[in-house]
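Undergrad: Listed here are the chains, written in short residue letters.
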Amino acid sequence: MHIDWERKKSGALLPVELKNIRGKLIYFTILVIVLIIALICLVPVLWLVITSMKDVKEIYQVPPTLLPKHIDLMKFKRVWDKMSFFKYYKNSFILCAGAILADIAISGLAGYVLSRLRPHGIRAVHTAIFLTMLIPGTVSLVPLFKTFLDMPIIHVSLVDTYIPMWLMACANCFNILIFKSTFDSVSKEFIEAAQIDGCSNFGIFLRIVMPLSLPVIMVIAILDFTGVWGEFLYPYLLLQNKDLYPVAVKIYDLKVSGGGILLDEYMMALFFTIIPPVILFIVFQKQMMNGVSFSGGVKG
Amino acid sequence: MKYTAKKRKFLPGRFMQDVSAWVLIAPALCALMLICWRPIFLGFKMAFFDNDGLKYVGLDNFKLVVSDVLFIKALKNTTLYVVWSLIIGMGLPVVVAILMNELIHATSLIKSSLYLPQIVPVIAVSLLWYFVYLPDGSGLLNSILGLFGLSPRVWLQDARLTIPLIIISMTWRGFGFTSILYLASLQGINRELYEAAAIDGAGFLRRTVKITIPHMYPMIMLFGINQIKSVFNIMVEPLSMTGGGPDNASLSLGLQSYRYAFQYFRMSESVALSIVMWFIIMGVTVIYIYADKKLEQ
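Taken in order, these protein sequences are the chains called A and B.
Numbering-wise (the numbering used here), the first sequence opens with residue 1 and increments by one.
Numbering-wise (the numbering used here), the second sequence opens with residue 1 and increments by one.
Hints are supplied without guarantee of correctness; some may be wrong.
Chain B is nowhere near these chain A residues, computed Cβ spacing over 10 Å in every case [claimed, not checked]:
id, residue
1, 73
2, 98
3, 273
A few chain B residues facing chain A, derived, Cβ under 7 Å [what the hints assert, rightly or not]:
id, residue
4, 32
5, 35
6, 64
7, 66
8, 127
Don't read these hints as lab results, they were simulated from the structure.
All C-beta atoms, glycine included, are put in the ideal place defined by N, C-alpha and C.
Next up, chain A with everything else stripped away, as it sits in the complex (with noise of 0.2 Å):
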């Protein structure tokens, strides 16, 4: 086997050393323990799947088999229709669109704002979003959750809307961070072209600073998604109706309340719990591996 190693650009160990025995050997050893630990990030995930499509009495089995004896694949859709887990999938995505559009918006607006438009006074709010992210948001359980049930000024309760949910989406320090320097490199020309053609600031945002930075709009979106899809504490503790659970409470009552599950239904239900975000991530892996490098920048 031949195996090109100028193409190794990184790394302690050099081209020229492992064209010999003792480098190839530190190397290969290297590779076998990355690839064990890199199987034991996918082992949960796979034995929880193969176990759900096992029945309760081959679970217990002694000694454990590893593959189920039979594959039943309309296990799924039983599954899925005994606990309506579509409601709770449509729960989950109305939660999840309403905070990506939220965000996307009202943070949107304010990097906007903080990168090109830049009023009088604006560098206290900037060195304000900044500290804020500093600080620990431990506090703010008991008081938030008061907030909610009895708005200021209002005076309405949110208990049993979504609406709390799609505030806290709203109020991300880190995403107007990341939208102000993503607005940052929009080319000036752009924006000076159209304030000459008599668009507004408004205007300027919506057709020309959004439709250029649309990639990093995406990871963003993406983000959102999987941060709001896992969400638990907050909607657990304002939604009181149990049919407005999205999936990932859904999973913790099941667990708490029971209501004749058998084990290998309730991992299936996790399983589906954990499939969207894993699709999506699948799907767009290069999207997201790009906002690891800003998200990094923003943090260092």
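Fit chain B to the known structure of chain A by using the hints.
TA: Frame of chain A, contents of chain B only:
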């Protein structure tokens, strides 16, 4: 290309521009006020009033919370969570990143596998690992024991194991993502440094210790403090995996604060406890930054 704002003089035309700009940022500021800023002030106010929010009680809530029999237990457990997370979760991503940085095979496959657990929601990770740790023959760990003919044992229900096991589940979710962040920074190291070290006769290990790790050091310190902060506030994981048991062996301060608020409905005491936590974590951060400065000298 960076857009830099110049100092502007006050002009009437600019004034209208400024007003329209403030209108556009107003929704975000309202949301931040409602969600981020107001609750902090509200929290500090609540902690000094009784649970109905009517009577000023001074430091009574704080005294009550700190003198609770479970406070010391929860504080000790929370410290254990942090210590275990540093033992299990701090070095691992550093090692994985260093090793991955050497590879030219299967790199995108490995990266995807490492990233994947991060995509799984926290609550689902907790429940997934709850199944991995199931005490009868059905759990993954006991199945593995079963393959070797060993009899099943209890995991999360063992008071000595429960904290490290919860930390392992959290590490599983997070370490790969952290490795990828480290890796991105490692790929910026100048190859010539390693070449020079190789000429001086330094082997792979020496090069890693003398060049790679010092390069990563600021990032390790930053992630370290972030990890301490987030693990210190741990709550959802013990809530969903053990409920704080067995016999409060996995009870954290965060969970205790949750219990005050949503099981005992003593909101003011819950906030008082979270303020105590807030000061502890601030203190730890200051010491950490100070120690970091000293070490660097």
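Undergrad: Run every hint past the structure and note whether it holds.
TA: Results for each hint:
1. Listed as a non-interface residue, residue 73/A keeps its Cβ farther than 10 Å from every Cβ of chain B; the least gap is roughly 22 Å.
2. For residue 98/A, the condition that its CB be more than 10 Å from all CB atoms of chain B holds, with the nearest at approximately 13 Å.
3. Listed as outside the interface, residue 273/A is inconsistent with that label: its C-beta sits roughly 5 Å from the nearest C-beta of chain B, within the 10 Å cut-off.
4. Given hint, residue 32/B at the interface with chain A, holds; its Cβ is 5 Å from that chain's nearest Cβ, closer than 7 Å.
5. Look at residue 35/B: its Cβ gets to within about 4 Å of chain A, closer than 7 Å, so that hint holds up.
6. For residue 64/B, the interface hint is violated, since its Cβ never comes within 7 Å of a Cβ in chain A; the closest pair sits about 15 Å apart.
7. For residue 66/B, the shortest C-beta to C-beta distance to chain A is roughly 16 Å, which exceeds 7 Å, and the interface hint is violated.
8. Of the supplied interface hints, the one on residue 127/B holds, with its beta-carbon coming within about 6 Å of a beta-carbon of chain A, less than 7 Å.
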